[in-house]
Amino acid sequence: MRPFEDYNPFVHLVYFVSCSAIVMFFLQPVTVVLSLLGALSLFFVRRRLAEGRSHLYSLALFLVMALLNPLFNHNGATVLLLINHNPITLEAVVYGIFAAAMLLAVLYWFRTFSQIMSSDKLLYLFGGVSPKLALILSMALRYVPLFAKQAKRVNDTQRAMGLYREENLIDNTRAGARVFSVMVTWGLENGIVTADSMSARGYGIGKRTQYTLYRFYRTDVLLLCTTLLLLSIVVVGGALGALDMQWYPTLRLPRTDALALVTYVAYALLSFLPTILEIGERARWNCLQSRI
Amino acid sequence: MMVIKSARLRTVLRWLIPFVLIPTAVIVGLLVLEQRQHLLVTLAVVLLSLLLFLCSFEKRAVGVRRQVIIAVMVALSVAGRFIPFFKPVTALTVITGAYLGGESGFLVGALAAVISNFYFGQGPWTPFQMLAWGLIGLFAGLLSQPLRRSRAAIIVYGVISGIVYSAVMDVWTVLSYDSGFTWSLYGAALLTALPHTALYAVSNFIFLWLCARPFGEKLERVKKKYGV
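Which chain is which? The protein sequence lines are S and B, in order. Letter 290 of the first sequence, counting from 1, is numbered 290 in the working numbering, and no numbers are missing. Letter 166 of the second sequence, counting from 1, is numbered 166 in the working numbering, and no numbers are missing.
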């Protein structure tokens with residue numbers, strides 16, 4: 001067992017794509033709640049309470065989206081109140097809450113995904129299919145901080161030379177344009193030098209190698225197979241109607257027969273799989289530590 | 001610019017995507033439409049069309065230099081977002097498309113979306129941004145003659161594409177709210193986004209007004225001097 005982050009990037013890709021796809025595909029209260037809890041628990045197990053303010057932003061987003069649906073969607077039979085002769089219905093309110101929760105779940109899956117999927121992993125995944133795209137991507141990723149630093153340097157120099165006053169919108173804009181223009185020239189020339197240097201060292205001759213090597217270990221295969229197995233149970237269950245849900249005109253509760261229960265269990269296992277791995281790994285670490 | 005390495009894969013995808021995969025996605029989407037999965041269907045179609053564009057870029061006798069120039073333009077458009085008052089992605093994509101050709105423009109737009117989202121947050125909206133900005137660059141390449149000739153043309157194109165970009169992203173907003181497309185909601189989204197759109201159009205206008213000519217000349221110069 002390894003922490004979730006150390007698995008092969010391909011396994012991560014399959015896992016996160018399936019998680020965010022099924023939550024978008026089967027919009028149904030039980031699965032949405034399971035997926036949201038899974039995404040949140042993974043995020044907080046990995047990150048604890050870091051980035052506190054960004055969660056407030058997510059919460060605000062959730063509230064706005066939950067409110068918007070009943071304001072614009074007047075389907076549903078149970079009218080709660082009238083605003084400007086437009087009915088606000090219970091069904092639209094409930095649907096709005098779960099649709100917003102679905103989006104929140106997707107948002108948190110993606111957040112953890114982009115934390116785990118660093119640029120070298122991305123290149124490992126797509127470098128084989130498209131070496132050119134991978135090269136452009138990796139160079140651009142390296143250039144962004146370089147350019148930001150250089151832009152600051154140019155800006156400081158210009159300010160020290162007294163080329164513009166502060167707190168003047170027009171001056172600032174023109175100065176920004178000038179700095180940017182300098183950056184374009186510098187960046188292009190710099191890029192050409194880099195390209196020549198690469199050609200001189202034989203870039204493009206022979207196969208491209210990777211900086212980091214990711215191998216497929218037995219645990220990778222195991223996790224991949226588990227993910228795909230659980231995913232297929234959920235998809236088959238969903239195709240057989242276990243996750244069917246009626247929102248309009250009247251709400252009908254989700255099914256609770258045997259097939260539906262099996263699907264829910266598979267869905268829950270899939271959503272909490274990385275959290276279980278993380279917690280298990282931590283427990284093992286603590287256990288081994290105390291024995292030494 | 002040949003983006004996908006294997007020639008067989010390229011040909012297969014080029015035929016498979018428009019004639020099999022996209023129709024399948026749409027038909028499956030229509031069949032399950034009562035469950036309101038527009039978002040997922042749209043996402044699939046957007047991803048497939050991105051792939052289609054990448055497959056159709058043919059091999060061209062270009063070396064490392066063009067790739068590096070594209071990487072520089074991508075990085076500049078992302079780094080430029082850190083300078084206050086500048087949102088240069090659209091403008092730089094237009095300039096690249098007009099001066100280096102549509103394929104480079106497409107790549108700069110699409111990759112700038114991916115890379116800036118490494119800083120500003122990835123999400124299901126990334127493919128929409130990629131396609132929107134990529135197409136802005138591609139069409140700039142197709143219109144490169146008039147765009148290069150007059151500054152007014154490139155400014156008008158930049159402002160219009162900024163507005164179209166906002167409109168396309170509002171489609172995503174609407175789809176994500178309700179998983180269903182209603183015109184009233186779309187109208188409301190357009191209306192609430194109006195200040196944003198206006199700011200975006202103005203910033204594009206200023207940027208292209210100040211920079212279209214000089215940047216174009218710089219790209220021309222590099223093209224001539226180094227034979228990109």
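Hints are supplied without guarantee of correctness; some may be wrong.
As the list claims (entries may be wrong) - For lysine to aspartate or glutamate, the following EDC-like pairs were computed, each having C-alpha atoms within a straight-line distance of at most 20 Å:
{"hint": "1", "chain 1": "S", "residue 1": "K149", "chain 2": "S", "residue 2": "E189"}
{"hint": "2", "chain 1": "B", "residue 1": "K225", "chain 2": "S", "residue 2": "D171"}
{"hint": "3", "chain 1": "B", "residue 1": "K224", "chain 2": "S", "residue 2": "D120"}
{"hint": "4", "chain 1": "B", "residue 1": "K224", "chain 2": "S", "residue 2": "D196"}
{"hint": "5", "chain 1": "S", "residue 1": "K207", "chain 2": "S", "residue 2": "E281"}
{"hint": "6", "chain 1": "S", "residue 1": "K207", "chain 2": "S", "residue 2": "D196"}
{"hint": "7", "chain 1": "B", "residue 1": "K218", "chain 2": "S", "residue 2": "E189"}
{"hint": "8", "chain 1": "B", "residue 1": "K223", "chain 2": "S", "residue 2": "E5"}
{"hint": "9", "chain 1": "B", "residue 1": "K218", "chain 2": "S", "residue 2": "D120"}
{"hint": "10", "chain 1": "B", "residue 1": "K225", "chain 2": "S", "residue 2": "D6"}
{"hint": "11", "chain 1": "S", "residue 1": "K121", "chain 2": "S", "residue 2": "D6"}
{"hint": "12", "chain 1": "B", "residue 1": "K223", "chain 2": "S", "residue 2": "D244"}
{"hint": "13", "chain 1": "B", "residue 1": "K87", "chain 2": "S", "residue 2": "D171"}
{"hint": "14", "chain 1": "S", "residue 1": "K152", "chain 2": "S", "residue 2": "D120"}
I should point out that these hints are in silico values taken from the structure, not numbers from a laboratory.
**Message:** Next pair to validate is B/K225 with S/D171; report whether the Cα-Cα distance is within 20 Å.
**Reply:** violated, 33 Å
**Asked** Holds or violated: are the alpha carbons of B/K218 and S/D120 at most 20 Å from each other?
**Response** With a Cα-Cα distance of about 32 Å, the restraint between B/K218 and S/D120 is violated, given a limit of 20 Å.
**Prompt:** Is B/K87 close enough to S/D171, meaning Cα to Cα at most 20 Å?
**Reply:** Given that 20 Å is the threshold and the Cα spacing comes to 17 Å, the pair holds.
**Message:** So if I understand the rule, the pair passes when the alpha-carbon distance is 20 Å or less; does B/K223 with S/E5 pass?
**Reply:** violated, 43 Å
**Item:** Holds or violated: B/K224 to S/D196, with C-alpha atoms at most 20 Å apart
**Value:** holds, 16 Å
**Message:** Next pair to validate is B/K223 with S/D244; report whether the Cα-Cα distance is within 20 Å.
**Reply:** Cα-Cα ~59 Å, so violated.
**Asked** Taken at face value, is the distance from the CA of S/E281 to the CA of S/K207 at most 20 Å?
**Response** violated, 37 Å
**Asked** Is it true that the CA of S/K152 sits at most 20 Å from the CA of S/D120?
**Response** violated, 27 Å
**Prompt:** Is S/K149 close enough to S/E189, meaning Cα to Cα at most 20 Å?
**Reply:** holds, 17 Å
**Prompt:** B/K225 and S/D6: Cα distance at most 20 Å?
**Reply:** Status violated; Cα separation ~46 Å.
**Prompt:** Do the alpha carbons of S/K121 and S/D6 lie within 20 Å of each other, as the hint requires?
**Reply:** Satisfied, since the Cα-Cα distance of roughly 11 Å is no more than 20 Å.
**Message:** Please verify whether S/K207 and S/D196 have alpha carbons no more than 20 Å apart.
**Reply:** Satisfied, since the Cα-Cα distance of roughly 19 Å is no more than 20 Å.
Consistency with the previously given hints fails for numbers 2, 3, 5, 8, 9, 10, 12 and 14, ordered from lowest to highest.
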